[in-house]
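According to the working numbering, the sequence shown is numbered sequentially starting from 137.
Hints listed in this document are in silico derivations from the structure and should not be mistaken for laboratory results.
These numbers were taken from a predicted model, which means no experiment stands behind them.
Mixed in with the good hints, there may be bad ones.
Here are the simulated lysine-lysine pairs, DSS-like style, with alpha carbons at most 27 Å apart [what the hints assert, rightly or not]:
no. : residue 1 : residue 2
1   : 142       : 332
2   : 281       : 142
3   : 262       : 281
4   : 311       : 189
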Amino acid sequence: MYRHKKIYELRYTDVDAYDVIKPSSLLSFLEESACLSADELGFGYKDVAPKNKGFIIANWYIELSRPIKLGDKLEVHTWPIRPRLLIFFRDYELFVNGEKVGVATARWCMIDSETFAVLPASAYFKEEDFENYNTERSIDFKAWKIPAIDGGIAVYKKQVTYSDYDHYFHVNNTKYADFLSDAFTVGEFNGRYIKKLQITYVKQCRIGEEIEIVRKDTDGATLVEGKVGGEVRVQFKVAFDEV
137 MYRHKKIYEL
147 RYTDVDAYDV
157 IKPSSLLSFL
167 EESACLSADE
177 LGFGYKDVAP
187 KNKGFIIANW
197 YIELSRPIKL
207 GDKLEVHTWP
217 IRPRLLIFFR
227 DYELFVNGEK
237 VGVATARWCM
247 IDSETFAVLP
257 ASAYFKEEDF
267 ENYNTERSID
277 FKAWKIPAID
287 GGIAVYKKQV
297 TYSDYDHYFH
307 VNNTKYADFL
317 SDAFTVGEFN
327 GRYIKKLQIT
337 YVKQCRIGEE
347 IEIVRKDTDG
357 ATLVEGKVGG
367 EVRVQFKVAF
377 DEV
């Protein structure tokens with residue numbers, strides 16, 4: 137069955153102070169592989185953009201069994217799953233030297249790139265386009281709802297600038313992972329790595345908006361929200377493990 141496979145060699149700029157892959161770097165690798173896979177299958181950016189369509193990520197769930205570190209060659213496998221109504225699923229498996237070190241799954245939406253209205257699969261695809269799709273799942277994950285923070289602590293504020301943007305003129309999904317990381321101190325990453333990472337993108341953020349980062353520690357996980365004017369725009373749920 138179809139899988140797109142690509143190897144990424146971790147560079148100095150891909151890791152944090154402890155030589156562990158940064159969440160934003162990992163998301164960048166996964167997004168790159170997704171885009172290359174879509175190119176292969178005929179619904180990449182160059183295929184859909186002329187038709188005023190595009191894809192944005194609504195949710196991520198990533199689970200690692202060990203830290204991915206400087207010098208590792210990360211092999212990313214990815215494949216799309218037959219869409220359900222307005223949701224396009226894509227799964228991933230992660231390998232280092234043949235060892236499976238993680239899995240991920242994402243929910244994407246197809247949009248009208250002019251109005252940002254969410255579109256059904258039938259707006260671009262025919263039913264036969266999905267006949268040879270891989271039906272294998274990397275992980276059976278269904279707990280997509282992240283609980284809202286009640287009584288959290290405001291950690292810092294971040295103004296959206298040009299370097300945060302992608303070609304849809306809003307903050308790229310990988311940039312939010314840096315916002316998440318900055319909710320923690322350097323010492324909190326010492327001897328630990330992010331084992332489980334869940335992200336929900338509620339609403340896009342644009343240049344000039346100020347995002348307030350709010351954090352709350354719970355049993356077994358930390359919740360982080362990015363808010364603009366009190367409105368939740370992005371949610372995170374993070375669980376650490378020891379290196």
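Which of the listed hints are not met by the structure? 2, 3
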